[in-house]
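In the order they appear, the protein sequences are chains A and B.
Residue numbering for the first sequence follows the working numbering, starting at 820 and increasing by one per position.
Residue numbering for the second sequence follows the working numbering, starting at 357 and increasing by one per position.
Hints were generated in silico from the structure; no laboratory data involved.
C-beta: ideal position from N, C-alpha, C; glycine also.
There could be a bad hint or two in this list.
DSSO-like cross-link-like pairs, simulated, lysine-lysine; straight-line CA separation at most 30 Å [claimed, not checked]:
id, chain 1, residue 1, chain 2, residue 2
1, B, 755, A, 933
2, A, 919, B, 761
3, B, 665, B, 755
4, A, 876, B, 449
5, B, 491, B, 631
6, A, 876, B, 555
Covered stretches of chain A (chain B as the covering partner; in silico rule of three or more C-beta atoms under 8 Å from a C-beta of chain B) [to be verified]:
id, stretch
7, 837-847
8, 878-886
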Amino acid sequence: MADFEPRIVTFCCNWCSYAGADGAGVARLQMPTNFRIIRTMCSARVDPEFVLRAFSKGADGVMVLGCHPADCHYIGGNYRARRRIALLRMVLEQYGFDPKRLKLEWVSASEGEKFQKTIVEFVDVIKELGPTPLKKEVN
Amino acid sequence: MGFFDKLFKKKDAEPKAEAAKKSEPAATKASVKVEEKKAAPAPAPAGAGPAPDAFVVPPVANPNDSKIPEDVKLKASDMGPLLPGAPPGGKIKLAVYWTAACGGCDVSLLDIHERILTVGDMAEIVMWPVAADGKEKDIAAMEDGEITVTLINGAIRNSENEHMAKLLRQKSTILVAYGTCAMYGGSPALANLVPGGAKDILDYVYTKTPSSANFQNEYHKDAPVIPQTSYQAPEGELTLPVLYDTVKTLDQVVDVDYSIPGCPPLPESILQLLKAVEDFVYNGVPLPPKGTIVGVTTKTLCEECPRRKESRRITEIKEPYQVDIDPELCLMDQGILCLGPATMGGCGARCTRAGQPCRGCYGASPDVQEQGASMFTAVASLFPVLDEDPTCGEDEIIKIMSTIKDPLGYFYAYTLGKSLIKRAVKEGGQ
Numbered sequence: 820m821a822d823f824e825p826r827i828v829t830f831c832c833n834w835c836s837y838a839g840a841d842g843a844g845v846a847r848l849q850m851p852t853n854f855r856i857i858r859t860m861c862s863a864r865v866d867p868e869f870v871l872r873a874f875s876k877g878a879d880g881v882m883v884l885g886c887h888p889a890d891c892h893y894i895g896g897n898y899r900a901r902r903r904i905a906l907l908r909m910v911l912e913q914y915g916f917d918p919k920r921l922k923l924e925w926v927s928a929s930e931g932e933k934f935q936k937t938i939v940e941f942v943d944v945i946k947e948l949g950p951t952p953l954k955k956e957v958n
Numbered sequence: 357m358g359f360f361d362k363l364f365k366k367k368d369a370e371p372k373a374e375a376a377k378k379s380e381p382a383a384t385k386a387s388v389k390v391e392e393k394k395a396a397p398a399p400a401p402a403g404a405g406p407a408p409d410a411f412v413v414p415p416v417a418n419p420n421d422s423k424i425p426e427d428v429k430l431k432a433s434d435m436g437p438l439l440p441g442a443p444p445g446g447k448i449k450l451a452v453y454w455t456a457a458c459g460g461c462d463v464s465l466l467d468i469h470e471r472i473l474t475v476g477d478m479a480e481i482v483m484w485p486v487a488a489d490g491k492e493k494d495i496a497a498m499e500d501g502e503i504t505v506t507l508i509n510g511a512i513r514n515s516e517n518e519h520m521a522k523l524l525r526q527k528s529t530i531l532v533a534y535g536t537c538a539m540y541g542g543s544p545a546l547a548n549l550v551p552g553g554a555k556d557i558l559d560y561v562y563t564k565t566p567s568s569a570n571f572q573n574e575y576h577k578d579a580p581v582i583p584q585t586s587y588q589a590p591e592g593e594l595t596l597p598v599l600y601d602t603v604k605t606l607d608q609v610v611d612v613d614y615s616i617p618g619c620p621p622l623p624e625s626i627l628q629l630l631k632a633v634e635d636f637v638y639n640g641v642p643l644p645p646k647g648t649i650v651g652v653t654t655k656t657l658c659e660e661c662p663r664r665k666e667s668r669r670i671t672e673i674k675e676p677y678q679v680d681i682d683p684e685l686c687l688m689d690q691g692i693l694c695l696g697p698a699t700m701g702g703c704g705a706r707c708t709r710a711g712q713p714c715r716g717c718y719g720a721s722p723d724v725q726e727q728g729a730s731m732f733t734a735v736a737s738l739f740p741v742l743d744e745d746p747t748c749g750e751d752e753i754i755k756i757m758s759t760i761k762d763p764l765g766y767f768y769a770y771t772l773g774k775s776l777i778k779r780a781v782k783e784g785g786q
């Protein structure tokens, strides 16, 4: 599994995490390039269907990044998001996925370093887990 | 060919004679007093011979009637006129078939009441497992497209289901996915969640269930007997259908023209389809465009539900028996998990009117693929933001959401076959 390069879909909220990712780039922090960022207006905009669709298309891991609790641009979006993600993790586990494949993390606009750390850690976790169990299925 | 022709002709003659008998009273029926005459052609139950009035069930007084507000009660549907006898171009052919289904859909066709008798005037029923004889070889002997309408109910679970679906598709002009199982996989598709697939299922059913375990222990202690798909008997090979690992929906196997959701479909939906076919057969009105879903609205069930919504926050999920249900208040507000917000409307909210939560048999609303995912969104928003929310970790949230038991089984009870991740997976199974 040494040469396994995971494909990770990352949803970043427009107000905190996307700016945080931007900050990480501006600060030239080194991190793996296994992730693709999709910008959403809020972490609550990430419909559970988006996550399931990412997995069904063969993503090895999905990350949802949002503003810290009590810091949401829309007051309570991230509280909704974390409840949905909790439900999704339960469902993914029922399907047979390792729930670690779905990660929710809070990254604020100034936390470029945290963004880098989160990515590095998540890529390691996914590398450990191996490719998505769904890949070989016809979908 | 001649052999099959003969076979088929012989069968052909019988239903015609029967249909002629039925159409007699239908033909004498003038446009008036249609309702009264319906008792006459109805076959009398064996021997009893009661007066026609005995068939009329007197309305039962419901002790709760006075409590239920007028707008919550469901109005009796208008069934419309009967079919006008045999069509000018001769009878069309109609087939009904069940694949992996409970049989409820097959029987549900009778919900169109006395109209079912006139369907016999319009169409020759070449196959209908629950009610009429009809064999695979008769269908196979037909020309392609000879059957005008075929209704298939049930999911595709084994090789026989698939073979019949493909055969009927080939022989039919219009193929209708009838009912939730054919459209979305229904309850049979929940079998997709068994990680080991068909092997595990067969093993469990034939060796682990209490009744079979005893039998196997007693008679086949070391080598349990599990049905084989093929057996070489001295007289020739015997075969049984092969059970598939993944239950499929009808449209994943064959091309489907129309679909009717429902478990089972409502009389209104059936009549809507019947009307379209009737207009086509008698008046040459073009059929609705391919892909039409019959008997649904573009909005969700909540739009039709008469209950008052207060968007209350809930902290605990309750079963209907645990709550003294308020007949006017939204069930979700009362803590009962109802799939109304994620389910396509069209059924008239029958279940919620009766105080039972929607289980989602109509599937996802038109622009959504994942009914379950759409429901996560709705349910998660109903849980209140807590004071400790800014400080607590994700484990705490999982604990809160764990009040929902078995989210996958509950939210995908009918639509797993159509979901994005169709079946159970195994980590490290590459």
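Results for each hint:
no. : hint             : result
1   : B/755 with A/933 : holds (26 Å)
2   : A/919 with B/761 : holds (20 Å)
3   : B/665 with B/755 : holds (27 Å)
4   : A/876 with B/449 : violated (42 Å)
5   : B/491 with B/631 : holds (28 Å)
6   : A/876 with B/555 : holds (27 Å)
7   : 837-847          : violated (count 0)
8   : 878-886          : violated (count 0)
Checked against the numbered hints listed earlier, the structure breaks hints 4, 7, 8; every other hint is satisfied.
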